[in-house]
Each structure stands twice: as structure tokens, then as C-alpha cells.
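Chain residues, written in single-letter form:
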Amino acid sequence: MKKNSLPLLLAALAAACLFSLAAGPAGLEPDIIWNLRLPRTLAALAVGAGLGLAGALFQGALKNPLSDPYILGTSAGATAAAVLCFMAGIERTSPLFFLAVFAGAFGATFLSYWLARLAGRLSDAALVLAGVAVSAFLSALVMLTLTASRERSFSLFYFVLGGLYPSEPGVLAASALIIAACGALALARWRALDAMALGAESAYHLGVNPERERILFFTFACASTSAAVALGGTIGFVGLMTPHIVRLLTGPSARTLLPAAALGGAALLAAADAAGRTLFPPSEIPAGVVMALAGAPFFMWLLWKSARGRA
Amino acid sequence: MPALKVSGLTFAYNGGPLIRELSFDLRPGDFMCVLGPNGSGKSTLLKLLTGFIKPAAGSVRLGGEDTSALRPERLARLAAYVASETATPYDFSVRELTLLGRTARAGFWRGYSAEDGAAADKALEETGITRLAGRSVNTLSTGERQLVFIAQALAQEAKVLLLDEPTSHLDLKYKSGIMELLSRLAGKGLAVAAVLHEPALAVFGCNKALILRGAGAYSFGSAAEMLAPAHLAAAYGVPPTSPLLPK
Numbered sequence: 001m002k003k004n005s006l007p008l009l010l011a012a013l014a015a016a017c018l019f020s021l022a023a024g025p026a027g028l029e030p031d032i033i034w035n036l037r038l039p040r041t042l043a044a045l046a047v048g049a050g051l052g053l054a055g056a057l058f059q060g061a062l063k064n065p066l067s068d069p070y071i072l073g074t075s076a077g078a079t080a081a082a083v084l085c086f087m088a089g090i091e092r093t094s095p096l097f098f099l100a101v102f103a104g105a106f107g108a109t110f111l112s113y114w115l116a117r118l119a120g121r122l123s124d125a126a127l128v129l130a131g132v133a134v135s136a137f138l139s140a141l142v143m144l145t146l147t148a149s150r151e152r153s154f155s156l157f158y159f160v161l162g163g164l165y166p167s168e169p170g171v172l173a174a175s176a177l178i179i180a181a182c183g184a185l186a187l188a189r190w191r192a193l194d195a196m197a198l199g200a201e202s203a204y205h206l207g208v209n210p211e212r213e214r215i216l217f218f219t220f221a222c223a224s225t226s227a228a229v230a231l232g233g234t235i236g237f238v239g240l241m242t243p244h245i246v247r248l249l250t251g252p253s254a255r256t257l258l259p260a261a262a263l264g265g266a267a268l269l270a271a272a273d274a275a276g277r278t279l280f281p282p283s284e285i286p287a288g289v290v291m292a293l294a295g296a297p298f299f300m301w302l303l304w305k306s307a308r309g310r311a
Numbered sequence: 001m002p003a004l005k006v007s008g009l010t011f012a013y014n015g016g017p018l019i020r021e022l023s024f025d026l027r028p029g030d031f032m033c034v035l036g037p038n039g040s041g042k043s044t045l046l047k048l049l050t051g052f053i054k055p056a057a058g059s060v061r062l063g064g065e066d067t068s069a070l071r072p073e074r075l076a077r078l079a080a081y082v083a084s085e086t087a088t089p090y091d092f093s094v095r096e097l098t099l100l101g102r103t104a105r106a107g108f109w110r111g112y113s114a115e116d117g118a119a120a121d122k123a124l125e126e127t128g129i130t131r132l133a134g135r136s137v138n139t140l141s142t143g144e145r146q147l148v149f150i151a152q153a154l155a156q157e158a159k160v161l162l163l164d165e166p167t168s169h170l171d172l173k174y175k176s177g178i179m180e181l182l183s184r185l186a187g188k189g190l191a192v193a194a195v196l197h198e199p200a201l202a203v204f205g206c207n208k209a210l211i212l213r214g215a216g217a218y219s220f221g222s223a224a225e226m227l228a229p230a231h232l233a234a235a236y237g238v239p240p241t242s243p244l245l246p247k
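Chains A and B, in that order, give the protein sequences. Using the working numbering, read the first sequence as starting at 1 and increasing by one per residue. Using the working numbering, read the second sequence as starting at 1 and increasing by one per residue.
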């Protein structure tokens, strides 16, 4: 890691936390900070860390700087499964809920990956296209479900939009634990992830089994995304942007990139959520909308950059 | 004991045989060029040798070990492979990439040992790119980048070095520089096999040659014998008087 990058990241994280604890129309009442803003800040930190980590894992394992859980359809798969669980009456605190959400995330990711591979060589563009197709289909399923069941759809609508609304402490703890475990397990294989960032064929010749590592890293990324979605719904672009930003500080090696992406994602989402609360008071902009406003232009810039790199 | 022993290797692609009953062996110090027209299976052969693709029949032995039963981790210690072009979108430094050559020896979790660092530095020195150690691989020229991936392969400390068109896309200076480097490495006891696009490059110290003619036909022998103009002309389907053939 380059010198001073850890203090810099921690300072950004602390600033984002303070912003998130202080921001809002209700002022600085201790009761509000303690009971409302603190749980929400903690949720933003957990969701941001989970998505940042998942983005770094996908970008490495696929050797594709355009990938993240939102673009690959992972988030859409998790959201669709979560909505189905709500409809079926499975509570968010139930382990069955997490299992279903993970299955949705994993299934959607492998479907995108498989579709992209059908074209033969796995290209960056094919993967993005396949992810868009899978996401669009799953989002349509979710909208269909929401439209068909008018009664409960209002709270579900906010969930699908992506926002950090009051959640039960049990869900927060479970999600944070899953994300931390995924981070630790992935970090223990940092060198394999670096080898994968040179492509599957290079990884094999360096002594890594690319099929096995792909499944492992997809599993960690999907579990981490599922935990984030269970807590905050569909929030895009955190996973895409964070690794690109923190790589400037840490360099590309997973050994420093993975922890930095988790810290950076936490800071980014906490700041985005706080910004959503302060931009147009008294109305509140969901964190997912704030991230899309910032993230979509970033994605366009990445596309432009990669097109120029190839020319 | 041969460093590399291939017996009865057979591989079919899209129905037809690409490689049929191929047998040859390389000893430490041998420098073999693999020649042949486009699509004759040269690149496929290298990937069969490393076990990246599996043959329909036959066996490959590296240092006496049958590769069909080995895991990638063990294979990477026995044979190192340099692809014709490796690119990554991420700005790894030259030294980081060279150190990744130690993956099979260092495992996934622990940091690099002093021994790993020494092996990487030695590989950088042998390839003459020590001065580039701190640079991002994406700021290098094609020739410099090729040297980085050769350094990465050398850091693996395998006894067999396989290269797929290591000189394609390079200018004359890098072409001769890389061929001289490979010849020098063979002189130090490595068994080197390189797929070459231009037979003329074999004059840089190749002592063996394998010519694949497509549909499973091949000839293997000393470079002097295999690279005779009449022989090459027949293999590539050009007149023996072609100025492109080595003199």
C-alpha cells in the first residue's frame, strides 16, 4: 500500500460518519443521533462495505473493470429473491431469507456469466450486455410482482428503489457478520485474485485453478451483495466506483485493495445517504438514487476510457 | 532423464485431428523452435504440454511426472508458460507481476518471503528490466511488456520454459534480444520451447525443431536438418527458392 493511504481512507470514513450522524432536518438532538441516525449510519457502512468488497472481487475475478454487482445482475437477482420472500411471508430475520437472497444473487450472476461466455471468448462488453439483459428481466419480474399485489407494495417499492430505512438490529448484525466473513475469506486468497486479474489462462499457468477460484470469489461476492441487499435494497454503482477510486491509493493488488474497497465503499455510501437527507429538505432522496446520479456518469467515463485504451 | 517427454499425444479439434501420435523429448539445455503454417496446432500444442487443455490420448511428462494427474500448483513449478500477449486493465507494477510468478511456491495467503523477492529480482536482472521494476506494466512498450512476462515465468523457477510467439509484434531489436535471452537461458540448463512465426529466427541458437504441418503430420529433429530450405518449403507450401526461408 502506498504511504498515507490508510490514514487517508480512515479520515474519509470518519468524515462520512460525522456527516451522516449530523445531517438531517431535525438538528443535533442526542436522542435523534443515538436512536435514528446511528443505526442508519451503521447500516450505510455495512451496505457500502459489502458492495465495495463485491465490486473489487468481481473486477478481479473477471479481469473486467466494468463489472460490479449492479451491472452483472447480482443485485437484481438478490432483490427479486427478496421480493419473492416478502410475498411468501418469509421474514427478513429468518435464515431462509438470506439463503433465498443468496441463491437469487448467485443464480443471476452465473446466468450473466454463462450468457457472456456463449459468444466464445469472454469480452468485457459481452459481460455488460448479458448483465443488462438479466437485470432487466429480473427487474421486470419484480415490477410485475409489485403491480400484481397492491397492498404491500409501498414499502416494497422503497426497498426496490434502494434506501437505508430503519431496519431491525438483528438484520444489521447478520449482514455485517456475513460481509466481514466474506472479506476475511477473500483476503486469505489475495494472491489467487491477483493472478485472476491477468485472466484465467495466465492464472492457471501461475498455479491457480481458475474454475475453482472463480466459483469461490463469485460466492464471496454474491454473499456479500446479498447481505447488502437484505439491508438496503438495490443500490448501484458503489461496487463499480469504489475499487476504481481506492486503486489510486492502494495500487491494484487485492491484498490492499480488498480492505480498502470495503472501507471506501462504507465511506462512500454513508456520505451518499447523508447527502440524500440534506439536499432537498424536508424530502429525502434514497441513497440508491444519489449513487445512480453520481455513478452513471462515472460508468460512462469508464466506457469512454476503455474505448480510448483500445483504439 | 528428459525435462519434457511427449508420447503419442493426440488432439482433435472440430472433428479432424490437429495433433496425432506426436512424440518427442527435450533435455535440459535444449532450445526447440516450433514451426508450421497457421492453424497447424502450434499454440494448442503448448497448452497441451501445460495441461491447460487435455489431450484425447497420449501423455506428457515433465521432469518424469505424468502431467495428467497433477494440479495447476504443481504444474506451475515444473513448466512456465508465456502467452503470446498478456494484458491486464490494472496498473500492476513490473515487480509485482514478476513476484506473481511465485504464486505456486508462496501459496495464496502469506506474504512474499525474502527468497521470493530474491527470485523476482534475479528474474528482472536476467531479462534486463531491473530499471523498470517500479513502473506500471500499462506504461511499457510491447517489447518491454513481453520481457516482464518472461521475467514472471523465470521467477517460477521451473525447468521447462514454453513460449507462444514471444517475438510477434516486436521490432527487430527486441526480436533478436528475446531470442538471445532464450538461447542464454537454455545455456543455463533450462529446456526451452518457443513457437515462432518466422523460421529465420531459429538461427539464434535453436538446436531442435518441431514442424507441425497440420492434420496431425509433423517432423521433429535437429534444427540443422529440420530447417533445410527444401524441408521448410514443403512444410509451408512455398517454393524452395523463396527469399523468406533461412539460408
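No wet-lab data here; the hints were simulated from the structure. What you are looking at is a predicted structure, and each value in this text was computed from that prediction instead of being measured. Heads up, some of the hints might be wrong.
Unchecked claim - Label-pair restraints from in silico Cβ distances:
1) A11/A - R27/B: 29 to 39 angstroms
2) A14/A - A118/B: 37 to 47 angstroms
3) A133/B - T93/A: 49 to 59 angstroms
4) G29/B - A11/A: 30 to 40 angstroms
5) M1/B - P7/A: 40 to 50 angstroms
6) L140/B - A307/A: 53 to 63 angstroms
7) A56/B - A11/A: 56 to 66 angstroms
8) A173/A - N14/B: 52 to 62 angstroms
9) M1/B - L96/A: 56 to 66 angstroms
10) N14/B - A307/A: 26 to 36 angstroms
11) Y165/A - S168/B: 38 to 48 angstroms
Claimed, not checked - Here are the simulated DSBU-like cross-link-like pairs (lysine-lysine), alpha carbons at most 35 angstroms apart as the crow flies:
12) K175/B - K63/A
13) K305/A - K173/B
14) K63/A - K54/B
15) K47/B - K305/A
16) K5/B - K63/A
17) K305/A - K5/B
18) K305/A - K159/B
19) K63/A - K173/B
20) K63/A - K159/B
21) K305/A - K188/B
All C-beta atoms, glycine included, are put in the ideal place defined by N, C-alpha and C.
Here's how the hints hold up against the structure:
As the Cβ distance of A11/A to R27/B is approximately 60 angstroms, the hint placing it in 29 to 39 angstroms is violated. In this structure the hint that A14/A and A118/B lie 37 to 47 angstroms apart at CB holds, the actual value being about 40 angstroms. Judged by the Cβ atoms, the range 49 to 59 angstroms given for A133/B and T93/A holds: they are separated by roughly 53 angstroms. For the pair G29/B and A11/A, the supplied restraint of 30 to 40 angstroms is violated, since their beta-carbon distance comes to about 57 angstroms.
Taking the beta carbon of each, M1/B and P7/A are about 55 angstroms apart, not inside 40 to 50 angstroms as hinted. Checked against the given bound of 53 to 63 angstroms, the beta carbons of L140/B and A307/A, roughly 21 angstroms apart, lie outside it. Distance hint check: the CB atoms of A56/B and A11/A are about 60 angstroms apart, consistent with the given range 56 to 66 angstroms. Between A173/A and N14/B the beta carbon distance is about 55 angstroms. The supplied range of 52 to 62 angstroms therefore holds.
At roughly 58 angstroms, the beta-carbon separation of M1/B and L96/A lies within the given 56 to 66 angstroms, and the hint holds. Between N14/B and A307/A, the C-beta spacing of about 33 angstroms keeps the proposed range 26 to 36 angstroms intact. Between Y165/A and S168/B the C-beta distance comes to about 57 angstroms, which lies outside the given range of 38 to 48 angstroms. Between the alpha carbons of K175/B and K63/A the distance comes to roughly 29 angstroms, so the proposed pair stays at or under 35 angstroms and holds.
Distance restraint check for K305/A and K173/B: the Cα-Cα separation of roughly 32 angstroms lies within the 35 angstroms cut-off, and the hinted pair is therefore satisfied. A C-alpha spacing of about 24 angstroms is found between K63/A and K54/B, which places the hinted pair at or below 35 angstroms, so the restraint holds. Distance check on the hinted pair: K47/B and K305/A sit about 33 angstroms apart at the alpha-carbon level, within 35 angstroms; holds. Taking the CA atoms of K5/B and K63/A, the gap is near 34 angstroms; set against the 35 angstroms cutoff, the hint holds.
Only pairs whose Cα atoms come within 35 angstroms are accepted, and K305/A paired with K5/B is rejected, the gap being roughly 46 angstroms. Taken as a hint, the K305/A and K159/B pair is broken in the structure, with Cα atoms around 41 angstroms apart against an allowance of 35 angstroms. Taking the CA atoms of K63/A and K173/B, the gap is about 31 angstroms. The hint holds against a cut of 35 angstroms. Note on K63/A and K159/B: the hinted pairing holds, with a Cα-Cα distance of about 29 angstroms set against a maximum of 35 angstroms.
Using a Cα cut-off of 35 angstroms, the hinted pair K305/A and K188/B is violated, with the two alpha carbons roughly 44 angstroms apart.
Of the numbered hints given earlier, the model fails hints 1, 4, 5, 6, 11, 17, 18, 21; all others are met.
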